[in-house]
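Trainee: Sequence:
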Amino acid sequence: MPLFSTHISEFDCSATKQSGWLLALPVVVWLALPLNGLAQKKPRTVPDKPVSASLIDNGAIAQPTQKSTKTVEEETEFTDAYRFLLVDEPTKAITAMEKILQKNPTNAAVNYALASALVKSGKITEAFPYAQKAYQLNRTNAYYLLQVAELYVKQKRYADAEALYEELLSQGQESMEYGVELAAIYLFDDKPDKALATYDRVEKAMGLNEEITRQKQRIYLKQNKIDKAIEEAERLIASEPADPEFLIEGAELLIANERVPLAVTWLERALKLNPDDPQAHMLLADVYRKQGNLDKSGQELQKVFDNPNLEAGLKARILSSYMGVSGDRPTAKQDALKMAQALVTQSPNDAKAQVMLADLLAQQGQKAEARNAYVKAAKVDPSVYQVWEAIIQLDGELSQVDSILAHSEKALEVFPSQGMMWYANGSAHLYKRHYQQAVDALDEARKLLTTNPAFKSAELQGQLGDAYNGLGDHQRSNEAYEVALKANPNDDHVLNNYSYFLSLRKENLTKARAMSTLLAERHPTNATYLDTHAWVLYVMKDYAGAKKFLEKAVQSDPNNVSSTILEHYGDALFQLGEKDKALIQWKLAKQKGETSERLERKIAAGKLYE
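Number 502 in the numbering used here belongs to position 511 of the sequence shown; there are no gaps in the numbering.
Hints are not guaranteed to be accurate.
Keeping only pairs whose Cα atoms sit at most 27 Å apart, straight-line, the calculated DSS-like set for lysine-lysine is [as the list claims (entries may be wrong)]: (1) Lys497 - Lys367; (2) Lys216 - Lys185; (3) Lys598 - Lys543.
Because the hints were derived from the structure by calculation, they are not lab data.
In this text, all values refer to a predicted model and were calculated from it rather than measured experimentally.
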């Protein structure tokens, strides 16, 4: 049950004065003139016969036992005119009713209906004289009074509207229900005490009303009369002593106004009536948390999670809130994880529960378990893109390229226009040396991500360059690398691969040397970049320069130097006439386990094969 709901009366929000007394500013609803039994709420002062049953107002046209031809004709005209109002064609209704009034300007019912049509057309000022005339012609018809009162409210003539409602209420208990509307107008007019007095009159006549009580509480709270607001809560509780909702609602009021001990008492009473009420447990958990008693707070939350009838998504939101306020407690994360695990056990097919568990597992570094929980969530509900992003991210952190491929393809079935998912798919294909699939996916990503300001195009273009090179399409490879360097001239990946592939093809070696030199200068201890620069120098027949940088590469990490670097080092030594040393390096390269037919031939013959 929402605290202090706003359904106070049959009002709309046409008025604009902001008094602060009402959560929703009410104005009297238009009561359309009843036709052929289509009456809405019948005012208590109206006789059983609908006002439209006869269009002949008190004495305006004689009412003989048998209707005259003129009477029947006028009523037929009115019926036709009123139909326009019913089908939302007020302009036509206005024209038709004005014609009727030209013949009989003292017909109250037609004046009333014409005012209604004008209001519907937004012509408030023009409507008022007709509404007022209808009421003047028949002051016993509550519909006419209410129409005038509403127009007063729309014109912010609150005192005039109040006087009319007071007149209506003075007619007896049957009209007392309109006191709710009068009280609302008093609140518009910034007269809270009169509003309270009116609410009291209504309750005295009609009995305790839940919505009126809540509205009175709002007024008392606005006036800072906390005890009065609490008294109203006590009245509600006394009216339904077996209903825990009033106790819980009252406890919220008490907590908000720092009456915590009494709030706890009321919550405990509510839980005796309904031990599984989640709101009561949540409020107690929050009270205990604010008091620093996090153990008791956790116990109350656990009771919520143990309730099998509570919707899993709500539990997930509760758990998220708990994490937000209890994260500093040493055992908070473990407690939350246990609750999340219990939640997915109870509701294994609830995607929100799986996501909550996955989030907690990821926060605690359990990447594989977190990824698996996200995957379960995606199986239940594949429509949440952020879940797929989390899956791919964890696949990458776990270095599981096959999983990236499988999961990105699943995600693309649901999100075919997500460029980042195509990028992940293309990167995985490139790693697996599926060059054509890589080109296809990366090119799709490029098309989709061109307008994304956060996307780094150099990285994608660099990978496109790698993929085209793998296909042997060197022209497109070079073009992609050039686009990448235009976006980021210092992209290490592009500088390394572009210069290395140029050296392998013995093309544009001057450019290759410029790029590899930049790399070697920026990363003097990076074995991969040093090897690339050395190999460019080697291809340019600068064997001494190549040897120098290969020695640096070997020395940068002697225990983890790659087979390729050792083989290159041997090649440079051989070219410099140091054949024995070259053979040693080739053999060391073979010992690394990455052998090739060419390396085997070098070792067997003791000479260089290129």
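Trainee: Hint by hint, say whether it matches the structure.
Mentor: Evaluated hints:
1. Using a Cα cut-off of 27 Å, the hinted pair Lys497 and Lys367 is violated, with the two alpha carbons roughly 51 Å apart.
2. Between the alpha carbons of Lys216 and Lys185 the distance comes to roughly 16 Å, so the proposed pair stays at or under 27 Å and holds.
3. The straight-line distance between the Cα atoms of Lys598 and Lys543 is roughly 24 Å, inside the 27 Å bound, and the hint therefore holds.
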